[in-house]
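Student: Okay, here's what each chain looks like letter by letter:
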Amino acid sequence: MQWAMAFNLSLGEFYDCEKLVPVASAHFAPDLRMGGQACMTLLMDTVAGGGRVRVPAYLDPCSVDFGRAAELIAEYGLTKQFVAEDRKLQELCRQVGFIPTYTCIAYQTISPPAFAQHLAWGDTGTAIMANAVFGARTNFEGGPSALASALLGHTPAYGMHLPASRKGNLKIKLDCTLEEGADWGAVAACAGAFRPGYDTVPVFYGAFEAPDFPMLKQLGVALASYGGHAMFHLVGVTPEARTVEEAFGTPSPPTDDHVITQDDLNAVFDSDDLGGNEVDVVVFAAPQLAIDEIIAIRDKLAGRNIHANTKLIIALDPQVKLQANTSGISQEMMDQGVEFSTGTCFYPEAPLMLEATGWKTLVTNSAKLANTLKSSEFRCAFRRLGDCIEAAVTGRLAS
Amino acid sequence: MTQTQDVILAGGFGVGPEVQAIALVSQHDFGVRYDLSPETGVISNRQHDLYGEPVRNKILVFANPKGGMAASWALAGLVERGIAPAGIIFRNASPIFVQGAIFAGLPIIHRLRQDPCAEIKTGDLCTLKPTSGQVVLHRDAIE
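If you read the sequences in order, they're chains A and B.
Once you know that position 225 of the first sequence is 225 in my numbering, the rest is easy, because the numbers rise by one and skip nothing.
So the number in my numbering is just where the residue sits in the second sequence, counting from 1, plus 1000.
Don't take each hint at face value.
Said to hold, decoys possible - So, partial list: chain A residues that the calculated Cβ filter (under 7 Å) puts toward chain B: (1) M34; (2) G35; (3) C39; (4) G122; (5) T124; (6) N139; (7) F140; (8) G143; (9) P144; (10) S145; (11) G197; (12) Y198; (13) G228; (14) K374.
Unchecked claim - Dumping the calculated DMTMM-like pairs for lysine to aspartate or glutamate here, alpha-carbon to alpha-carbon at most 20 Å: (15) B:K1129 with A:E13; (16) A:K374 with B:E1053; (17) B:K1129 with A:D16; (18) A:K80 with B:E1039; (19) A:K374 with B:E1039; (20) A:K173 with A:E245.
Just so you know, these hints were derived from the structure itself, not from any lab.
The beta carbon of each residue, even a glycine, is placed where N, CA and C say it ideally should be.
Work out the full structure: start from the sequences and follow the hints.
Tutor: This is how it looks when you write it as structure tokens:
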């Protein structure tokens, strides 16, 4: 507890905070690959000190689908040591009181936040959705920060907890056709380049049709990924942006616009670095999929099998996997060759699988996933859902 | 005869211990999972302007942070592996990097009055003074 208070006070001092605010819940992302023993040691010390979470506290996806651990070791190159350490890490989290939700879409499958509720949510894609779509208030709480806030039940009141920080400051007109999640991910890939930064709050407006929830997910996670943004407004859609004026918090919003056109959008899809057209793996992840999105993939597959030289992997949380199992959808899709990765989000552990699998080329409809894997040896193409499905079925990228 | 001539960049906000090291300056944004191999501490994104550069013992200077959670753990992981930078300067940091620097015990500074990506050059010997929000560049002055 002393560590948690000292950590939050240092953070509060950096941001010149006036107070801590109570949080309704916390969302924690431990990470062995990035944090090494520092992550493990912090949790062991917390357990040894009798630390317990004071609020409902959820876990982000882990790096191992433990139901397939033997297969991941034998065929995908994860080491026994890595799997054992991740298992130990998850057990430590459980002892501190975290619920093993293994989800980056807690707002969809666990507990949607209420408007104006303060949270301590990690996972940037989760946090931006809580802020922008639900009107809740959270900063990006990295691993140590979310743990400290969960243990204290409070977090420093800076950034997105303050109403002034949430107002729009970048005006973007959407002059393009937006028909599916990948289109909104492409919007974010364009918008994130205009003025990257945590303090940038883009306001989108235009004559678009109101997006459905999967589209909002792709916009949110990709804005966090490409722009580092924690908040956005979609005029006429998100709750703090009934009008452009409300989004900016002024009767005189800026008149100068950035515009995203159809050509801009198409350019995002036209670029890739596959180095050929053979596709090793098609991935639907980042964020994890809800049952509606899995049904959409099943329908696009239309009974066809996955190509013998290609994998199709879907990342989902245990809550959605249960829905897919009980409805019979998961068995139906596995019979066609689809693989489900439960409780993971693919990209954290993906670089560890390259050598054993021989994977080189990857196709996805997640703009975030394509962006995230740039530091790995994967060669990625970002495409719309239909193109991804055709790549999985034929083993080749058509264009 | 060569003497040093200090250039002071001020007005920033920082946290962590004072350090002195050589600067490695980028004009690009930086995210740990996006741009760095945590196993080697080398910039591994082929599209990054520091591609192939090791970050060990350097004061890293970037435009903006990008990406997500990884930095909150990764800086401590780099310290544990002995391949960590000496400190980090951003034009404007994100909470994730600030949290990660606090956890790792590394100094971080942002929001200097001057643009660090323009004023600091790769190879400059720098002193980071987080509590006073300053970066001192120790440059050779030829007489």
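Student: If a hint holds in the structure, say so; if it doesn't, say that too.
Tutor: Status of each hint after checking the structure:
The beta carbon of M34 (chain A) comes within 4 Å of a beta carbon in chain B, closer than 7 Å, and the hint placing it at the interface holds. Using the Cβ-Cβ criterion of 7 Å, the hint placing G35 (chain A) at the interface with chain B is satisfied: the shortest such distance is roughly 3 Å. The criterion of a C-beta within 7 Å of any C-beta in chain B is met by C39 (chain A), whose closest approach is roughly 5 Å, and the hint holds. At its closest, the beta carbon of G122 (chain A) sits 6 Å from a beta carbon of chain B; the interface hint therefore holds under the 7 Å criterion.
This hint holds: T124 (chain A) has a C-beta 4 Å from the nearest C-beta of chain B, less than the 7 Å allowed. Hint status for N139 (chain A) relative to chain B: holds, with the closest Cβ pair at about 5 Å, below 7 Å. For the restraint placing F140 (chain A) at the interface with chain B, the shortest Cβ-Cβ distance is roughly 5 Å, inside the 7 Å limit, so the hint holds. The closest approach between the C-beta of G143 (chain A) and any C-beta of chain B is roughly 5 Å, which is under the 7 Å cut-off, so the hint is satisfied.
Below 7 Å, beta-carbon pairs count as interface contacts, and P144 (chain A) has one with chain B at about 4 Å; its hint therefore holds. Restraint check, S145 (chain A) versus chain B: the minimum CB separation of about 4 Å is within 7 Å; hint holds. Below 7 Å, beta-carbon pairs count as interface contacts, and G197 (chain A) has one with chain B at about 5 Å; its hint therefore holds. Checking Y198 (chain A) against chain B: minimum C-beta separation of about 4 Å stays under 7 Å; hint holds.
Annotation: interface hint on G228 (chain A) holds; nearest CB of chain B at approximately 5 Å, less than 7 Å. Taking 7 Å as the C-beta cut-off, the interface hint given for K374 (chain A) holds, the closest approach to chain B being about 5 Å. Proposed proximity of K1129 (chain B) and E13 (chain A) is supported: the alpha carbons are some 16 Å apart, at most 20 Å. Distance restraint check for K374 (chain A) and E1053 (chain B): the Cα-Cα separation of roughly 16 Å lies within the 20 Å cut-off, and the hinted pair is therefore satisfied.
With a C-alpha separation of about 18 Å, the suggested pair K1129 (chain B) and D16 (chain A) falls inside the 20 Å cut-off, and the hint holds. The straight-line distance between the Cα atoms of K80 (chain A) and E1039 (chain B) is roughly 18 Å, inside the 20 Å bound, and the hint therefore holds. For the hint linking K374 (chain A) to E1039 (chain B), the alpha-carbon distance of about 16 Å falls within 20 Å, and the restraint holds. Taking the CA atoms of K173 (chain A) and E245 (chain A), the gap is near 14 Å; set against the 20 Å cutoff, the hint holds.
Comparing the model with each numbered hint stated earlier shows that all of them hold.
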